[in-house]
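Could you build the full structure based on these sequences and the hints that come with them?
So the sequence shown is numbered by our numbering: it starts at 1 and just counts up by one.
There may be inaccurate statements among the hints.
Stated by the list, open to error - Simulated restraints on C-beta separations:
1) 26 to 50: 35 to 43 Å
2) 10 to 48: 52 to 60 Å
3) 31 to 94: 32 to 40 Å
4) 54 to 34: 27 to 35 Å
5) 10 to 103: 54 to 62 Å
6) 23 to 59: 19 to 27 Å
7) 124 to 103: 27 to 35 Å
8) 59 to 124: 16 to 24 Å
9) 19 to 99: 13 to 21 Å
10) 27 to 48: 27 to 35 Å
11) 103 to 61: 53 to 61 Å
12) 37 to 62: 32 to 40 Å
13) 102 to 175: 25 to 33 Å
Simulated from the structure, these hints should not be mistaken for laboratory data. The C-beta atom is built at its ideal place from N, Cα and C for all residues, glycine as well.
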Amino acid sequence: MKTSRGFTLIELLVVIAIIGILSSVVLAALNQARIKARNARRASDLKQLQTALELYNSDNSHYPFTSASAYEYRSTCSGQSWWGGSYAPQDVIPGLVPVYIPAMPLEPSGGIGSSCCYIYGVAPGGTDYKLLDFNCAEIDYMGYPGLVDVNRDGGPNTCILDGSAPWAWAVYSGEGSKCM
Numbered sequence: 001m002k003t004s005r006g007f008t009l010i011e012l013l014v015v016i017a018i019i020g021i022l023s024s025v026v027l028a029a030l031n032q033a034r035i036k037a038r039n040a041r042r043a044s045d046l047k048q049l050q051t052a053l054e055l056y057n058s059d060n061s062h063y064p065f066t067s068a069s070a071y072e073y074r075s076t077c078s079g080q081s082w083w084g085g086s087y088a089p090q091d092v093i094p095g096l097v098p099v100y101i102p103a104m105p106l107e108p109s110g111g112i113g114s115s116c117c118y119i120y121g122v123a124p125g126g127t128d129y130k131l132l133d134f135n136c137a138e139i140d141y142m143g144y145p146g147l148v149d150v151n152r153d154g155g156p157n158t159c160i161l162d163g164s165a166p167w168a169w170a171v172y173s174g175e176g177s178k179c180m
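As structure tokens, this is what we get:
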């Protein structure tokens, strides 16, 4: 009769180490997939808002004025507002919900403690606008080059339009790129 031999301590440690390495690789891949999914949603939300703003302009001959203000930027825009922070989304760009868009999108990584937010600015007379997805460290700038805001290059200063402000994606009308 043969006696069965158990595993040695070394064999068990080797198996546990291999499982640990494989699980860390899988978790890293899943995290990248989540970031890519949030970036795809950000891009889609910006395009959806851009379409809603253009439809509003087509019907009203101007872009919506904002009733709230958040930050003061040196720009040609009269007011900037943000949501994902202290303002309700429907109050930032009044008149879009529910006629032009069913609901205002929320920043995918938003929530309490998130620095990400959308910022909307409108030029005097409602002639132009700029909409930013602002200050999100995980945004993939190479994946969506058409959305990168040329006024922001990843620096810490949010008030100067010299290219030193934090990264952002933007959609805008005509001269709206000069706003914010």
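Hint by hint, here is what the structure shows:
1. 26 to 50: 35 to 43 Å: Hint holds: Cβ distance 36 Å, inside 35 to 43 Å.
2. 10 to 48: 52 to 60 Å: holds (57 Å)
3. 31 to 94: 32 to 40 Å: holds (37 Å)
4. 54 to 34: 27 to 35 Å: holds (31 Å)
5. 10 to 103: 54 to 62 Å: Holds - the Cβ-Cβ distance for residue 10 and residue 103, about 58 Å, lies within 54 to 62 Å.
6. 23 to 59: 19 to 27 Å: Roughly 54 Å apart at Cβ, these two residues miss the hinted range, so it is violated.
7. 124 to 103: 27 to 35 Å: holds (28 Å)
8. 59 to 124: 16 to 24 Å: Given range 16 to 24 Å: holds, Cβ gap about 20 Å.
9. 19 to 99: 13 to 21 Å: violated (54 Å)
10. 27 to 48: 27 to 35 Å: Roughly 31 Å apart at Cβ, these two residues keep to the hinted range, so it holds.
11. 103 to 61: 53 to 61 Å: violated (25 Å)
12. 37 to 62: 32 to 40 Å: At roughly 35 Å between Cβ atoms, residue 62 and residue 37 fall inside 32 to 40 Å, so the hint holds.
13. 102 to 175: 25 to 33 Å: Given about 29 Å between the Cβ atoms, the range holds.
Violation of the numbered hints given earlier is confined to hints 6, 9, 11; the remaining hints are satisfied by the structure.
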